[in-house]
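For chain X, the structure is supplied; the task is to place chain Z on it using the hints.
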Amino acid sequence: MFETKKIAQGVHVHVHETTQFKTINFSIRFKDRLTVKNASERAILANVLQHSNEMYPSHTALRMVLDDLYGTSLYIDSTKRGDDHIVNLNVETVNDQYLSDEGVLEKVMNLMYIVLFKPNFENGQFKESIFKREQESIVQRIESVFDDKTRYAQQRMMELGLPGHPASITSNGSIEQVKQVTNESLVAAYHHMLENNEVEIYVVGDVSPELISSHIRDYFHFADRKELPEKTESQLQPPEQSRVLEYEDMKQGKLHMMFFTPVTFRDEDFPVMQLMNGIFGGYAHSKLFANIREKESMAYYVSSSYASQFGLMFVLAGIDRKLEEKAVSLILGQLDEIKQGHITDTELEQTKALLTNQLKEALDSARGQIDIYDQYMELSEDFDPAYLISRWEKVTKEQIAQAANNISLQMTYFLSGKEEAKDE
Amino acid sequence: MNKMEFNQLEETLYHEQLPNGLTVYILPKRGFSKTYATFTTKYGSIDNHFVPLGEKQAIQVPDGIAHFLEHKMFEKEEGDIFQEFSKNGASANAFTSFTRTAYLFSATGRIQENVTTLLDFVQSPYFTEQTVEKEKGIIAQEITMYDDQPDWRLYFGMIENLYKNHPVKIDIAGTVESIQDITAEHLYTCYHTFYHPSNMALFIVGNVEPDSMMQFVKDNQAAKTFDPPAPIERIFPDEPKEAAVKERTLEMAVQKPKVFVGIKPERLDLHGSEMLKHELSAQLAYELLFGRTSNFYHEAYESGWIDESYSFDYSLESGFGYALIGTDTNHPEKFAQEVKKTIHQAVEKWPFGQEDLDRVRRKKIGFFMRALNSPEYIANQFTQYAFNGMNLFDVVPTLEQIEVADLQEAFAAVSAESQQSVFTIKSPEKDTE
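Top to bottom, those sequences are chains X and Z. The numbering of the first sequence is my numbering, which starts it at 3 and goes up by one. The numbering of the second sequence is my numbering, which starts it at 7 and goes up by one.
Hint data in this document are derived by calculation from the structure and do not stem from the laboratory. Where is the CB? At the ideal position from N, CA and C, for every residue including glycine. Honestly, I wouldn't trust all of these hints.
Straight line, CA to CA, 27 Å or less: simulated BS3-like cross-link-like pairs of lysine-lysine [to be verified]:
#1 Lys181(X) / Lys432(Z)
#2 Lys142(Z) / Lys324(X)
#3 Lys93(Z) / Lys396(X)
#4 Lys93(Z) / Lys341(X)
#5 Lys93(Z) / Lys399(X)
#6 Lys432(Z) / Lys420(X)
#7 Lys129(X) / Lys39(X)
#8 Lys142(Z) / Lys420(X)
#9 Lys24(X) / Lys283(Z)
#10 Lys262(Z) / Lys39(X)
#11 Lys93(Z) / Lys297(X)
Covered by chain X, per the in silico footprint, the following chain Z stretches (three or more residues, Cβ under 8 Å) [to be verified]:
#12 111–119
#13 357–370
The following block holds chain X by itself, in its conformation from the complex (with noise of 0.2 Å):
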C-alpha cells in the first residue's frame, strides 16, 4: 500500500499513491517516549507551532493563507500510543485537479516547511506572550476532562490505578508539569524534536512518491538520528485499591473496570484477545449488550474495550448509581460464559465478521491508512490487511476461553452522585 523511502537515518517517507480521494493527506509523526515531562512540553509545543510562524507571525495570517489554499487543513496534535508520545502535523489539501487553480500542492508543502522550521520566534525565543497562551490553553484543555464524566471516570480510575505508567500517562501531560514549563526549556524540546526524534512522513492521494519523497528530502533538511533510548518495557502492577467509589454532582453512575490480561499486541495471541474482546462487549452483537443492555434494561452503553499496547481490558457502563454490585456481577457472569467456553458458532462468525469489517472500512480513508500502518509497521514491515484477517479466521473457540481465563479483574471504580435525602 504505502511506498517507503529512507530519507535519514530514522526518517522515512511513505507514500500512498491513489485516486480514492478528492484530496491529498499528509501527516508527520515526531515519535519520543512518552513521560508526564515530554507530553506536556510537546503538548504546548503542538499548539505553539500551530499558531503562527516567522512568515506568517499572527494566528489570522496563518489561517488567511490557509483559507486561500481552498480551505487546507493544517493541525498540530499531539497524542501517545503504548509508550511513545508523539507529536503529529496533519495537513489536507485539494487535489488540484478538482480546481481551476493551479500550484496548490507545491504552496501547501513550502507551508509545512514553515510551520515546522521557521518558528515564530523573538530573540531565539517563542514570542512570549503566544508561549504563555498556549500554556494557559493546554492547562484548561486538561481541566475540561472534569466536564466530560465517562473520560474523567476513566481517567481517574486510571490515575489511582495504574500511577507514572505509560496507561495513565495522558498525551497532555498533568497540570502541574504543564505550568512547570518554561520558555526555554519548551525551545529545548522543540530542537530535541527537530533533531532526534524519529520521524515518519505520511503522504495519501494522487501524487507522484518519487516527487513528493525527494520534494522532502531536498527542502526539509531531516538530519540523521541518533540511536533513540532503548524501550523499556512497562510492567503493570496491581492497583493498591481494588474497589473506588467517588462522588461528583451528577445523575448517572459510571462504571469502569479494569482487567489485565498478559497478551499484548506484539503477541502471537492478540488475535485471539481481539476476539475474546468483541465477544465480550466490543459490538451491538456482543455478550454485554446483549444481556446487560437488552434482556435487563440496565444501560443504554456497556462495552468492553481492549488496550492492546498494554495487556489491558475496560469495561465501561452507564448505570443507575444505586446498581453498581448487580452491574458488576453480571458483567463478570458473562466474563464467565466466555471462560467456560459457551460461545456460539454464531458469536465467532460475527465477531469475526466484525473486526474484518472494521479494518476494511477503516482503509477507505486516508488517515484510516496512515494510522493502521503506522501501527503494524512495528510488527512487520509488509502491511498485508489479508494476513491480519486470516489471523482472526484461525482463531477458536477454546483459545478464547484460554484467553479469557488469563484474564484478571484489577480494579472497580464507580462514579456516580451523592446519595439524596429525598430517595430514601
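For chain Z alone, coordinates are given in the frame of chain X:
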C-alpha cells in the same frame, strides 16, 4: 433510472422514485471497499402534533416518541436486528434528529443481504406492551447520560431560549417522565403515519453497482404492499419572530462557565435553491464575523475570553434554525457583550468586500471537497438537503454565484437584537471551606 453527473467533482448520482413513492439514490465511489446505506424517514422529534393516517382528528403524542420508535424498530419477534447485521459483517446504527429518523449500516461485503435486512426491518414494525415497557429503562439511562453532559445542556438550553412554541425546543429523547406515557399503540400510530415509503429516502453510497442495485431494491419493494401515498398533515404552532427568553443561567457542576449567544433567523419559510443560497450566504457571513480569521476571534483570543472550545454554527431547517456562537470562558458576560457588539457593528456598517468573500468561499469549497471523501457525510447531508428540496451537489455552483450583497442580505435576517439570546452554565457558588 435517472442519472446526474457532476463533472467537476467526478461524481455520478443515480436516482429513481419507485411506484410506492420511495426515492432511491445510488452513488458509486471509486476505490472504496465499503458501502454505506441510510434509510431515512422525514419524521423527527418536532413531528409531535399531526393527523394520524386515515383519521380526521389531530393528536398530540408524548415527547421523545420518534426516538423511542427508532429504538423499538430494532427488536423483532425473532430477536434483535443488530444480530442480523453482525452475521453479515455490517455495523448498524440509527439516529433521530429534529426532522429525521435514519437507519443505517456500513459493510464491506454481502451488500444485498444487508440492504435486504435494512429495508425489511424498517418496513416490518413489531411493538408489544411488554417490549415497549422494557425499553424505558434503557432510554431513561440514555436521557440521564445526556443530562450529565454540560455541552448538550448548553445547546438545548439555547434552543429553549430561542423558541417559545415550536417543538424544536423539546429534547429529542424526551424526559424520563414523558417516555413513561408511551404505549405500543402510539408507536403504531406514528409508524403508520410517517414510515410510508413516500415519506422516505434510501441512499446507498460506496462500492456499489448502480444498475443491479436499483433493480434489487425495486424487486424488494415490489414484493410488499403499501397503501397509496397520502399527504401527511403536521401541525406547528405559531412562533414569534423574537427570541423567547433573552437571558438565562443554569447551575451545574462545570470546570469553567459555558456560554452561548444564539440568534433566531427571520426567514424560516424557505425551501429549495432559495434556502440553499440563504443558508450558505449566512454561513459565509458568520464565518467572516466569527471565524478563525475574524477580528473578533483575534481579539477574543488575545484577551482570553475564549479557549479551544470556541465554536460557531449556523443551521437552517424548515420552520426553525439558529446561529450559535459559544465557548467555555471565565468571562461569559464579556464574551456575550462582545459578540453582540460585533453583530451590532456589522448591522450598522457592513465591513466586508469582495476579497473577504473570495477567501471564505474558497475555504468552504475546500471543506466541501474534503467532506466528499466521506460516504457518511454524503448520505446524511444529501438526505437532509433533499427533504428540504435542496441538492447537495448544488453547493459549489451556488457558492460560486454568491455575491457580497447576498451575504449582507442573509446576515440582515439573522442579526436583530430582539432575535438574540444568551444562555450560560455556571457552577453553583461553592461554600467556603
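Against the structure, the hints:
no. : hint                  : verdict
1   : Lys181(X) / Lys432(Z) : 25 Å, holds
2   : Lys142(Z) / Lys324(X) : 17 Å, holds
3   : Lys93(Z) / Lys396(X)  : 18 Å, holds
4   : Lys93(Z) / Lys341(X)  : 23 Å, holds
5   : Lys93(Z) / Lys399(X)  : 17 Å, holds
6   : Lys432(Z) / Lys420(X) : 19 Å, holds
7   : Lys129(X) / Lys39(X)  : 21 Å, holds
8   : Lys142(Z) / Lys420(X) : 24 Å, holds
9   : Lys24(X) / Lys283(Z)  : 24 Å, holds
10  : Lys262(Z) / Lys39(X)  : 25 Å, holds
11  : Lys93(Z) / Lys297(X)  : 20 Å, holds
12  : 111–119               : holds (count 4)
13  : 357–370               : holds (count 5)
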